[in-house]
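Student: Listed below are the residues making up each chain.
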Amino acid sequence: MYIYLPIAEVSMHIAVVIGLGGGIGFLSGMFGVGGGFLMTPMLIFLGVPPAVAVSTEANQIVASSVSGVLAHWRRGNVDFKMGAVLLTGGLVGSSLGVLLFSILRDIGQIDLVIKLSYVVFLGIIGALMLMESVRAIMRTRQPGARRSKMHQHNWMHGLPLKMRFRKSKLYISALLPFFLAAFVGVLSAIMGVGGGFILVPAMIYLLGMPTYVVIGTSLFQIIFVTANITLLQSVQTQTVDFVLAGLLLFGAVIGAQFGARVGVKLRGEQLRGLLALIVLMVSLKLGFDLIVTPEDVFSVEILK
Amino acid sequence: MISKKRLSSLFASLIFLWATSFVPVSANTLVADLSLEEVAITTDFNGESLLLFGAVDNAYEDDIIVEFKGPALKIASRKKEQISGIWVNRQTVNWRNAPSFYHLFSTRAIDDFLSPEQQRELAIGYRNLGLRPQNSSLPAEGLNKWIEALNRNMVERGLWFQHDGGVTINRGVLFRAPVSLPANILPGDYDVRVLHIKGGKLIAEDRTSIQVAKRGIGAFIYQAAHEYSVFYGLFAIAFAVLAGWAAAAAFRKT
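Just so you know, the sequences run in chain order B and L.
Residue numbers 1026 to 1329, in my numbering, belong to the letters of the first sequence in order.
Residue numbers 26 to 279, in my numbering, belong to the letters of the second sequence in order.
Bear in mind the hints are in silico, worked out from the structure with no lab data behind them.
Remember, it's a predicted structure, so these values are computed and weren't measured experimentally.
Treat each hint with caution, since some may be false.
[What the hints assert, rightly or not] Computed list of lysine-lysine pairs in DSSO-like fashion (alpha-carbon distance at most 30 Å, straight line):
1) B:LYS1310 to L:LYS104
2) B:LYS1310 to L:LYS226
3) B:LYS1329 to L:LYS226
4) L:LYS170 to L:LYS99
[What the hints assert, rightly or not] Computed spacing ranges between beta-carbons, pair by pair:
5) L:ASP214 to B:LEU1071: 21 to 31 Å
6) L:ASP214 to B:SER1127: 22 to 32 Å
7) L:GLU146 to B:VAL1041: 19 to 29 Å
8) L:ARG277 to B:PRO1226: 26 to 36 Å
[Stated by the list, open to error] Sample of chain L residues with no beta-carbon within 10 Å of chain B, all distances over it, derived:
9) GLY167
10) THR193
11) LEU199
12) LEU211
13) LYS239
Note that the Cβ used here is the ideal one computed from N, Cα and C, for glycine as well.
Let's have the full structure, built from the sequences with the hints guiding it.
Tutor: Following this line, the structure appears as structure tokens:
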């Protein structure tokens, strides 16, 4: 049965849409990631206009982050004060990102910028994750080796506007999480992702937050950032397709349950290694698209 | 804008009627109609097939051309160039009057019974649509390259199409042309022109039109998104929050 998506203005088989949601939901449940970085390129690949893919995915991430944050909240693993600083930055960044997105779309460079962002950021994160997990797998084979100092003092600790984050056991400048979240917010708006794949490692290694509060806190702020993108894109470009978002979500919710069950059977470093490989593959595929000579150097876009 | 355009086309057709009323009455008549009055884009829309049919006088040895033309929208062509190894859109042509849909059907290859000049006079074929860029003024040769590229890109999307042999004439009187509208068709007014060609000359013509419109829940959602965009956005967020909460609650128990 085909369904005509009212905002995307494309007709897709309903099984394809729900299956896509389910497949990516499975991976996100297994690895504990949002999955936006897989969903958005897949939607574009299936013929959904890039603007609709990015805005709709933001809408879907609102839902998946809400459902994810509840469990962390219950366990008390959300640093709301840190979350508030992050989401302030995130709101500023994502608003800028939405603006940047529409400018790039008008001058015909949005496809390029989306692909380049994926290649650069997924490439870096994927490579780092892969190295880290290989090292972790090696380390388990030779017990006794311990990680060296994690928390180092450098120029970042000399910044003004210092704030105490009790839950994160930190006393750092609020500018640090603010600008970090603003930067990720811009990427969220352009790439159609929650940004957890950058935010989580940055919160651990850059801010020095304890790992147990990181995921809950990042999910908490992603809700607001993606809600902001959903609202701004709704008003400015009318590209949020909530029928598409709803169908993807339906598949993703079910897929994530099965994924989580498979995930617990695998070891942490194996999971991270596998995720790193997927991330790198997406990055390489999009990078390849940019380099390989196109079949036709001319393309057409119906702007309406 | 639209009403102005409509008014001017109405005016033009009135002049046409007035002018043709002075031409000696010929026996050549052509009547065409479509099997549907409207194409409704509903939730389960996946393209639509319809039939253009009609009657013509003494067309045993003659040819018929059917032109199915969609609304002119903002269409941009872009050309990629390689910059330090990466393919980047470098040039853009915004078309002023390119139809978003252009299907041409004929009894046989049009070049076999109309010369390029005759095709130009009758404004038949994508080369004779008078396509002009909005912004830059390209030299004629460059423009042709862009028009050919536009045709290639639109044909690939199924929006432009030329079907030689797409019209069949039965016993010299009845003709029919099956038309299939793809799923990526855009709403608007579609104009149909039917031409009866004898010995390189146009001897009868008929026009009709059909509206492609969104209908049902999809139309309602589209309208809500465009006219009440703030509420739509807030609703989409509320829907997502509720759905996320419901999903978490549903799977917590199991």
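Student: Per the stated criterion, does the least C-beta distance between GLY167 (chain L) and chain B lie above 10 Å, as a non-interface residue requires?
Tutor: holds, 12 Å
Student: Since LYS239 (chain L) was said not to touch the interface, does its Cβ keep a gap of more than 10 Å from each Cβ of chain B?
Tutor: violated, 7 Å
Student: Is it correct that the beta-carbon of LEU211 (chain L) has no partner in chain B closer than or equal to 10 Å?
Tutor: Answer for LEU211 (chain L): violated, closest chain B Cβ roughly 7 Å.
Student: Is the hinted pair LYS1329 (chain B) and LYS226 (chain L) satisfied, with a Cα-Cα distance of at most 30 Å?
Tutor: Cα-Cα ~37 Å, so violated.
Student: Need the status of pair LYS1310 (chain B), LYS226 (chain L): alpha-carbon distance at most 30 Å?
Tutor: Violated, at about 55 Å.
Student: Against the 30 Å threshold, does the CA-CA distance of LYS1310 (chain B) and LYS104 (chain L) hold or violate the hint?
Tutor: OK: LYS1310 (chain B) and LYS104 (chain L) at ~22 Å, within 30 Å.
Student: Looking only at beta-carbon atoms, does the pair ASP214 (chain L), LEU1071 (chain B) fall within the given range of 21 to 31 Å?
Tutor: holds, 30 Å
Student: Honestly, do ASP214 (chain L) and SER1127 (chain B) meet the 22 to 32 Å range at C-beta?
Tutor: holds, 29 Å
Student: For the range 19 to 29 Å, tell me whether the beta carbons of GLU146 (chain L) and VAL1041 (chain B) fit it or not.
Tutor: violated, 47 Å
Student: Quickly compare the C-alpha distance for LYS170 (chain L) and LYS99 (chain L) to 30 Å and report which way the hint goes.
Tutor: This hinted pair holds, its Cα atoms lying about 19 Å apart.
Student: May I ask you to check that LEU199 (chain L) keeps its beta-carbon over 10 Å from the closest beta-carbon of chain B?
Tutor: Given that every Cβ of chain B is farther than 10 Å from that of LEU199 (chain L), nearest at about 33 Å, it holds.
Student: Within 26 to 36 Å or not, the Cβ separation of ARG277 (chain L) and PRO1226 (chain B)?
Tutor: Holds - the Cβ-Cβ distance for ARG277 (chain L) and PRO1226 (chain B), about 28 Å, lies within 26 to 36 Å.
Going through the hint list in order, the structure does not satisfy hints 2, 3, 7, 12 and 13.
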